Structure formats: C-alpha cells, structure tokens
Amino acid sequence: MAAGGWPDCVQSLKGVILDMCGVLYDSGEGDGVAIPGSVEAVKRLKASNLQLRFCTNETQASREKFVAKLQRLGFDISVCEVFSPAPAAVSVLKHRGLRPHLLVHDGLLPEFDGVDKTNPNCVIIGDAAENFSYQNLNDAFRVLIGLEKPVLFSLGQGRYYKETDGLKLDVGVYMKALEYACDLEAEVIGKPSAAFFNSVLSDMGIQPQEALMIGDDLVNDVGGAQRCGMKGVQVRTGKYRPSDEKHPTVTADGTVDDLARAVDTILNQRGQ
Amino acid sequence: MAGRRALKAVLIDLSGTLHIEDTAVPGAQEALNRLRQASVAVKFVTNTTKESKRNLLERLQNLNFDLQEKEIFTSLSAARSLLEQRQHRPLLLVEDSALEDFTGIDTSEPNAIVIGLAPDHFNYQTLNKAFRMILDGAPLIAIHKARYYKRKDGLALGPGPFVTGLEYATDCKATVVGKPEKTFFTQALSDLGCCPDEAVMIGDDARDDVGGAQNAGMLGILVRTGKYREGDENKISPPPHLTCDSFPDAVEHILKNLL
Numbered sequence: 001m002a003a004g005g006w007p008d009c010v011q012s013l014k015g016v017i018l019d020m021c022g023v024l025y026d027s028g029e030g031d032g033v034a035i036p037g038s039v040e041a042v043k044r045l046k047a048s049n050l051q052l053r054f055c056t057n058e059t060q061a062s063r064e065k066f067v068a069k070l071q072r073l074g075f076d077i078s079v080c081e082v083f084s085p086a087p088a089a090v091s092v093l094k095h096r097g098l099r100p101h102l103l104v105h106d107g108l109l110p111e112f113d114g115v116d117k118t119n120p121n122c123v124i125i126g127d128a129a130e131n132f133s134y135q136n137l138n139d140a141f142r143v144l145i146g147l148e149k150p151v152l153f154s155l156g157q158g159r160y161y162k163e164t165d166g167l168k169l170d171v172g173v174y175m176k177a178l179e180y181a182c183d184l185e186a187e188v189i190g191k192p193s194a195a196f197f198n199s200v201l202s203d204m205g206i207q208p209q210e211a212l213m214i215g216d217d218l219v220n221d222v223g224g225a226q227r228c229g230m231k232g233v234q235v236r237t238g239k240y241r242p243s244d245e246k247h248p249t250v251t252a253d254g255t256v257d258d259l260a261r262a263v264d265t266i267l268n269q270r271g272q
Numbered sequence: 001m002a003g004r005r006a007l008k009a010v011l012i013d014l015s016g017t018l019h020i021e022d023t024a025v026p027g028a029q030e031a032l033n034r035l036r037q038a039s040v041a042v043k044f045v046t047n048t049t050k051e052s053k054r055n056l057l058e059r060l061q062n063l064n065f066d067l068q069e070k071e072i073f074t075s076l077s078a079a080r081s082l083l084e085q086r087q088h089r090p091l092l093l094v095e096d097s098a099l100e101d102f103t104g105i106d107t108s109e110p111n112a113i114v115i116g117l118a119p120d121h122f123n124y125q126t127l128n129k130a131f132r133m134i135l136d137g138a139p140l141i142a143i144h145k146a147r148y149y150k151r152k153d154g155l156a157l158g159p160g161p162f163v164t165g166l167e168y169a170t171d172c173k174a175t176v177v178g179k180p181e182k183t184f185f186t187q188a189l190s191d192l193g194c195c196p197d198e199a200v201m202i203g204d205d206a207r208d209d210v211g212g213a214q215n216a217g218m219l220g221i222l223v224r225t226g227k228y229r230e231g232d233e234n235k236i237s238p239p240p241h242l243t244c245d246s247f248p249d250a251v252e253h254i255l256k257n258l259l
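Chains A and B, in that order, give the protein sequences.
With the UniProt record's numbering applied, the first sequence covers 1 to 272.
With the UniProt record's numbering applied, the second sequence covers 1 to 259.
Hints are supplied without guarantee of correctness; some may be wrong.
Unchecked claim - A partial selection of chain A residues facing chain B, derived with a Cβ cut-off under 7 Å: (1) F75; (2) V79; (3) C80; (4) L109; (5) E130; (6) S133; (7) V143; (8) R159; (9) Y161; (10) K168; (11) K176; (12) A177; (13) Y180; (14) A181; (15) C228; (16) T265.
Everything labelled a hint here was simulated from the structure, so no lab data went into it.
No experiment lies behind these values; they were computed from the predicted model shown.
C-beta atoms are modelled at their ideal positions from N, C-alpha and C, and glycine is treated no differently.
Next up, chain B with everything else stripped away, as it sits in the complex:
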C-alpha cells in the first residue's frame, strides 16, 4: 500500500479467529508458527470482562498454539493500564475470575469505578453505591459496552446497559477501554515500539476488530470464521483491507504482500 511503512506487528483476535469454543480453526497453529518465523511482532488481543490472561493462555495452549502470557492484551489489561496511568483506586465491578488481572492495584478507599460483566454486582444496592461515587466525582471506566451476550440458557444482558444507565443517572460519559476504542489498539502496540501504520489486525468482528483497528490507523483483515456473517465486510467504511476465508489465508496474505 502506497505510503505505508514496513509492517512491524500483527494483532490477532482469539475467539472466532484462532478458535471456535474448544476447536482450533483448521491450520491456525501452523499458520501462527509461519508468522512467527517472519520478522514481525505478534500480539493476541481480545475483549473479555471475566477471563484472566492466565485462563486464556491455558485454553490456547491446550489447543497447541505457541504463545506466552505477555503476548496477550485484553480489555482487562487496558483497564489496568488506564488505572495505573491515572493512579486511580478502583471499585472493581467485575467477576471474581477477572480479579487476578488487577493483582497489586490499590483498591482501598476507591475513587473510580471499573465496570465489566458482573451479574453478581448488578444489584440495586451496589449500583446505588457506584452512582453516588460517580456523583462525587469518581470516573466511570467500562471494560466494554456490549448490549448482551449468548449464554447456554439464552441471551443475557451485557455490561453496556448498566453503563448506559449510570451515564444517564449521573449525566456523565464512561471511558470505554476495550475494542473498538482507538486507545485499546494503541496501548496494545505501545510496548512493541511500533506505530499503528506499521501494524495489521486480524479478526472476525467487522466493527470491533477491523473497523476499530482501521480507525486507529492500522490495516484490518476480516476472516470469515466465528461470528462472521455474509456481508459483514460492507458494514464498515472504509471496507476491510482484506476479507479472507480464515486465519491461515490472512497469514499467507501478510507474508506475501505486507512484508
């Protein structure tokens, strides 16, 4: 692509791109190995509000993917780095399984709210507590604003509705840290020492993965696996840099054309 600098980093979505539930996308492990032999940095990026990096790592290693914990960057990591940067002491409205990603963060006398998907915390009393803190000036940080998600027993409310309700109550705007926010992508790249225009993102979500990355100045490759539905590539403007069948094809394209 004219005017672009040489590719230095590849960001890869996890669920729907490398694996679907407990099954790897065919050829994905092999493709990842080929990519690692090229001179690019690799990072794995995902929106999660309840899975720690350790959990994600275990799942991928069980599927024979070659990766390390420090290569994983999640919406929880993004929330953590925002807290560290601003030296906030958060009230963490996240599920217990996510707490280990906040180990070492001071949560005494909280002066900020971090809100993820946490049905156990979404009762009237806790939301009132969060509401009063926000009125007193505590910033509201949302892991992401998903409307709902699919559970075994049917659809269930995501964190987005609760974030929206608190925004209305307090007349303030939450800071959203997950995909498709621009800062999510720039933070994921920050310790690799590369700029957005030296990076490409591969994912199955046209809006959150590809649109978000391209909006941050990266290239975006959409794969037709996971949550992909026909025509998704037309839902974002500009369209994806490339739409291809699956992760191995995306790697093929990068190795041939972007290096």
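Chain A with its partners taken away, still in its complex shape:
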C-alpha cells in the first residue's frame, strides 16, 4: 500500500464517520442484533482523541426512535452524533424556502413536524415501503407536474435492501419512476451526496483528508466518501459482497473483516 493509504493514513486522522446498518448492527426481527465487537469498538473510539459521527440513510424512523433502538442494543450513542437524510432535508427546505409534499414512511413524519407543508412546491420521497401505492405515487406526480419548476428530493437512491422475508425495493426505484414521468432529475439527500458528507465534516470542524468513513456499502459509503476527499474503508459485514473487492469503479482504501478489526488497526497505528 502506497504511503498515505490505509492503514498509514490513520496517523493524520482527526475524525471517523461510521455507517450504521451493516456496520454496527444487522436489521431483522425487532431491533435486530449488534454485530459482534461493534459495541466495544464504538466505546474505544469514543475514548480516543478522534472525533466520531454516525451517518445513515435510514428513513423509516425518526432519528430519536432510531437512536433509542441502538441504545437498546448497547451502543453509547446520542441523537446529536447521528446524521440522517431527513434532518438534512429539513435544513435544505428552510434554506431554499420550500414547502414539501411528503411521500415517506409514517415513522419518518415526526422529523417534518415543524415544516410548512401547505401549498407544496416540491416533493420529498423516502423509503415509504407499503406507502408506495399507485395512488400515493400519483399524488406526488401531480404535485410535480403542476409546478412550473418541479423539484424532487430523494432521501437516498438505493435500489433494494434485504429484510428477513426477502429483498425489498428501495427509494431509488421510485425516484427513477418519478424522474421518468416528469422528465427531471432528482436531488439526492443522504449518502452518497457530497453535501451530506460535507455537513458531517463541518460539524466536526475538520477537512476531508482528516476524516475516514467506514461502511458496508461500497458505492454509497466508500465511493461517496472518497469523492469528497475522505478515505473510505469497507467492512466485510452487512451488504458486503466478495465481488465488491474487484468493483469496476470503486476501490476501497482498505477492506477489513468488521468494525472491531478496523478500530483495532486505527488505534494500534496511532499508538493508543
């Protein structure tokens, strides 16, 4: 590995960003299960002199509910450390004076409680799951097609994800459907958008080259972070596939078995 690559790069690190699902825990029945060693790994990172933030594309629950779930799994984590697409969307709306029509999961609605939704002039879609009915999609379509300058925000752009009862279509599929129907391009909020990663960096007050992203999604976590100038390491947990290690366009700076190994390496290199 060239100088400046993984794991040499950890000498100059000031902060670490962790993906959540597939890195900290696996989703499933109830709260899901913590990935072995990850609770301890988070604890060790927090005790180090590195800053730590969490970054997720979760849009089926509000951040409060989501963080409470992770606390029940044993993680030392608080809401202000977690970055997810919905709060980022709320700040974009505020900044641009937009009023959204929402097509999201019922569990996400509390995130938009304080937002003016009358006479909408944009549409936000998230992973709405069962709420992705023809009627609901058509309602979103009519808002867009009725606008002089239609604006569509998509909370992530995933194709599908795995649940205990099989693969499920993700928000990206419905984003593409609305893009095609209205002949427009959606603005993605969440990973892998640079604005999303940059908001995490600015919260830590550090430069991209001083930060490392650890995730299980090669394209959205690792690739997205690298495009912002950060280092990206992939863990072999969650949605990791062996084929990721010979991906045509994205090469991780490092690939490690799990979060516990990643944190071992980081802290050892830094002599902590």
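Following the hints, put chain B in place on chain A, whose structure we already have.
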C-alpha cells in the same frame, strides 16, 4: 417514390385518426370503404394496455366502420405473440379488461412479467414480487412506456415510470412491444405477407405512428386530427412522407399516388 415496391398494405391508427372519443372523423367511414375497394390489405393498429380487441371492434362498429376483429393488431397482441414465440408463462400486470386478449396463454408458475397500465397491481407488494422474479431471470415485457395519460380527474401515471423503476432496481432493460417499436410494425405486417417497404402507416402521433413506421422501413402519413399539434411534422427526422388534414385526405393520396 423511386425504388419502392408497389403498395400492398395500409396500417391505420384508431383513436385520433379514425375517431375522436365517440365521434368519427368526418368522412372516415366512406374513405375506409374506398380504400377497401383498392387491392391493398388493411390493418388497424393501436397502443392500448387495457382495451381488448373485442372492445375496440365494438366501438368502431358502433361508429359504422367496416372492419373485423382479425384486422386489429394492438400492443396487447404484440405482447401475446412475443409470449407465444418465446413460450413464456407470464405474470400479467394488466387490467382485467385486457385479460381476454391473453386467453389460452399458460400463466402457471410464471417465468416472465408483462406490464401494462394496471394501477391495481402497482402496489409495493406486487412490484416487489415482480422485482424478485426479474432478479431470478424472468424477462420484463412492457406493453409500452407512456409516461402519463389524461384521466377525467387529471393526469395519471402510465406504465412507463413503473417499468423504468423496475429496470433500475434490476439493472436490466425491458422489451417494449408497442408502437413505436420496429417489431410492432413488422409483426402487424407479418400475416399479410408483405415487407415494410410495401406498406404505409396513417396516424396522428408523429413519433409513435409516423416516426416508428418510417423507422421500420414503411412510409408514414401524419394526419392533423386527434393529438396532432402544429409543428409535430418537424419533430421527427426524416419528416413524414405526407402530412394532411385528415384520414380521407390520406386515403385520397394513397389511391392517387401510391398504387
């Protein structure tokens, strides 16, 4: 036209060309009769995802058009013939009114998806089912990919957005069977025993009717009725063989110049 063979067949679009909703285009029935006296085959071709051939036939007969069911070729017919040709057993995501055009097709243990305009089927659960089948190798066949259509209560999503979403999810391409696909036109001509360069298409949609037909090697005549908007003839390259006021003028041109 230099190098063209004698005309053997005329393909005619229905809605917007022969009739607008429940009203026939003035003189269209008479013009069709004149065309039938000439030595050319006639076929009626249309993109529909929910109307069976029988429904279409009834509507046209009520408007006093002289035609038979076997002369109608629709995007549903095209889907059916593709299924038969490849011996697929489809999961049919089409409205109930379209099902009779698939009578006799084996739909047990489906290994292909046919997707038309079917709001009742476009729920999360059914789309997940289709998605998983495609990941397992089932081909995706789209009746057509219209973005949206006009309903009495306003605009509504067509099948195209759902087809596009499934294509993105599975990283595959749907086979589209309706106009303006080349295979649609060649299939419509296949049982007439004539080649594309022996046929002409008359329609009101510059891209789907005229552009599609000309791309398949036929001549295309655009009529200024139905969905025609001024300047439509400039939207396709090469331009239509002819642009004229309505169906009777198109027939006049064929009888005078193409036979």
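Against the structure, the hints come out as follows:
Hint status for A/F75 relative to chain B: violated, with the closest Cβ pair at about 30 Å, above 7 Å. Annotation: interface hint on A/V79 violated; nearest CB of chain B at approximately 29 Å, more than 7 Å. Hint status for A/C80 relative to chain B: violated, with the closest Cβ pair at about 33 Å, above 7 Å. At its closest, the beta carbon of A/L109 sits 18 Å from a beta carbon of chain B; the interface hint therefore is violated under the 7 Å criterion.
Hint status for A/E130: holds, given a least beta-carbon distance of 5 Å to chain B, under 7 Å. Among the interface hints, the one on A/S133 holds; its C-beta lies about 5 Å from the nearest C-beta in chain B, closer than the 7 Å criterion. The restraint placing A/V143 at the interface with chain B is violated, with a minimum CB-CB distance near 11 Å, outside the 7 Å limit. Residue-level restraint check for A/R159 holds (minimum Cβ-Cβ distance to chain B is 5 Å; threshold 7 Å).
Given the 7 Å rule on beta carbons, the hint for A/Y161 is violated: about 11 Å separates it from the nearest Cβ of chain B. Below 7 Å, beta-carbon pairs count as interface contacts, and A/K168 has one with chain B at about 6 Å; its hint therefore holds. Using the Cβ-Cβ criterion of 7 Å, the hint placing A/K176 at the interface with chain B is satisfied: the shortest such distance is roughly 4 Å. At a threshold of 7 Å, the smallest CB-CB gap from A/A177 to chain B is about 4 Å, leaving the interface hint in force.
Checking A/Y180 against chain B by beta carbon gives a least distance of about 4 Å; that is within 7 Å, so the hint holds. Interface hint status for A/A181: upheld, as the beta-carbon distance to the closest one in chain B is roughly 4 Å, under 7 Å. Contact between A/C228 and chain B, as hinted, is not supported at the beta carbon level, the nearest pair being about 24 Å apart and thus beyond 7 Å. Because the beta carbon of A/T265 sits about 34 Å from the nearest beta carbon in chain B, more than 7 Å, this interface hint is broken.
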